[in-house]
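Protein sequence lines, in the order shown, are assigned to chains A and B.
Position one of the first sequence corresponds to residue 12 (the working numbering), numbered consecutively onward.
Position one of the second sequence corresponds to residue 847 (the working numbering), numbered consecutively onward.
None of these hints come from the bench; they were simulated from the model.
Don't take every hint at face value.
Said to hold, decoys possible - Computed cross-link-like contacts, DSSO-like style, restricted to lysine-lysine with a CA-CA straight-line distance of at most 27 Å: (1) A/Lys32 <-> B/Lys1195; (2) A/Lys40 <-> B/Lys1195; (3) B/Lys952 <-> B/Lys1078; (4) A/Lys21 <-> B/Lys1195; (5) B/Lys850 <-> B/Lys1326; (6) B/Lys936 <-> A/Lys32; (7) B/Lys1222 <-> B/Lys1107; (8) B/Lys1145 <-> B/Lys1107; (9) B/Lys1078 <-> B/Lys1145; (10) B/Lys936 <-> B/Lys1195; (11) A/Lys32 <-> A/Lys21; (12) B/Lys1145 <-> A/Lys40; (13) B/Lys1131 <-> B/Lys1195; (14) B/Lys1131 <-> B/Lys1102; (15) B/Lys850 <-> B/Lys1145; (16) B/Lys936 <-> A/Lys21; (17) B/Lys1326 <-> B/Lys1256; (18) B/Lys1195 <-> B/Lys930; (19) A/Lys21 <-> A/Lys40; (20) B/Lys1131 <-> B/Lys1322; (21) B/Lys1256 <-> A/Lys40; (22) B/Lys850 <-> B/Lys952; (23) A/Lys32 <-> B/Lys1256; (24) B/Lys1145 <-> B/Lys1102; (25) A/Lys103 <-> A/Lys21; (26) B/Lys936 <-> A/Lys40; (27) B/Lys930 <-> B/Lys952.
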Amino acid sequence: MSLTADDVNKIAHLARLGIDKQDIGSYAKDLSGMLDLMTQMGDIDTADVEPMAHPLDQVQRLRSDVVTEADQRTHFQAIAPQVEDGLYLVPKVIE
Amino acid sequence: MHSKTIRQLAQGLRSGDFSSVELTQHFLQRIQQYPELNAYITITEDSAIQAAQAADERLATGDAGSLTGIPIAHKDIFCTLGVKTSCGSKMLANFIAPYNATVVEKFNQAGAVTLGKVNMDEFAMGSSNETSFYSPVRNPWDTQTVPGGSSGGSAAAVAAGLAVAATGTDTGGSIRQPAAFCGITGLKPTYGRVSRYGMIAYASSLDQGGPMTRSAEDAAILLQTMAGFDVKDSTSADVAVPDYLEGLDQPLAGLKIGLPKEFFAEGLDNSIASVLETALAEYQKLGAELVDISMPNLKVAIPTYYVIACAESSANLSRYDGVRFGHRCENPADLADLYTRSRGEGFGKEVKRRILMGTYALSAGYYDAYYLKAQKVRRLISQDFQQALAQVDVIMSPVTPTTAFGIGAKMDDPIAMYLADIYTIAINLAGLPAMSIPAGFSGGLPVGLQIIGNHFAEDRLLNIAHQYQQATDWHKQTPKL
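Construct the complete structure from the given sequences, taking the supplied hints into account.
As structure tokens, then:
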């Protein structure tokens, strides 16, 4: 299976991932190679096989709905690119 | 001092032959002496000396454990409070972790001295340490070859005597393969055995932290500190931790070793096959019986792994958005530009490749064909192992098809790089524990032997590795620097 430059642009958009124009072709080639490798899975009959999401087949542990973390907003925001009055700043979303 | 085992060093500290400060200074000096290996991203000299002073006080009062005062290094994937935690990426070049990983916390409490943070493939994606934003690490046995990856800095540091031991993480072979390439002992524990809290996520159903050391005994000492249930990791295993040192001396008479024919077939370098033959003969001398087994679904382990790992990584790495931490682009035009450009600038090529692959595999119309199919094949691979481990006690195999390859040799061909993980990847899919131990040399480069056990059988693996290391001295060989 081979992916086109258009396909790569679409996937990159879904992933919100900037790709340099000159690299699109090489990503298309690499991803096509990976997809070829993945078609090998088609040789295996998986009818009636349950998908395995966890290697030990464990289910998600639940906990009580109580607060366990202390408020560390200032501590965590110290490493943020841009904050003001305790808020994370991003470019204007609503006019 | 840099080639001694943890037990010997702990003895030396207790009998006053040297202090932890002296030991720590010795290692810091060695790190400075061999910068060309590029094993470290960050050296935490001041805090190391402080920790060593504190360790010396604990030793003086008799309040010391087996790791108190022992200088170690952490893979730069483990969050360390107040210290840069880059994960080998430009994305986190400015990330000063606001908390400690559970593993780091446990070593701190044990009184171990952290020398610094060691280099790795970017976000643990790579098998050669060449995808690091901080330049490749060099293999101390031959600096023109790679140390393996992704825990290449950990392996090179331990092999070169730039740390007594190091932490690593293993998603598809990232502890075992560099351990094999650098001639050290590496243990990837059972999925869930070691807490993933504060260990930067790559593929969450596969990631597992473990020890990288000079011997099985040292690995047992490290695992004793690392293992255990952690409420902060939602997939941590609530299973009691045995005494890993206690069983090391058990004899191996009657041990049944399974040899999967799929792992000793075409593709395995002849010189590696012959090293392994000698190693298996040594096990026979120790009383083990060799049994041929077959695991037919192993042949699709690589594609299955790359679907699952890429899918999980595309989800995990969506958190790097330029908003809360990490790299942010200059002057974003709007929110979409902020996300797209910050991620485009912060991630390297291999990481982008895997995000794209994973995004594709999870996208509408392709999910069933790739992700769901891979999860089903994963179950069949896991069942292959369970059937094999019902017949034998452990499985042995190569770790890698060749010895360490040249720097740059596979960088232009990602598929060739992926195929080199053929012997390690299936173990992560099945969540099993596995070790790599030094078993000899080929062309002057180390060769590893892989030992695979059933879930939570780390004690047995350590015992089997330790018995071999009592009978051989491959693990005692050190590179000439």
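Violations among the numbered hints, reported as their numbers in ascending order = 9, 13 and 15
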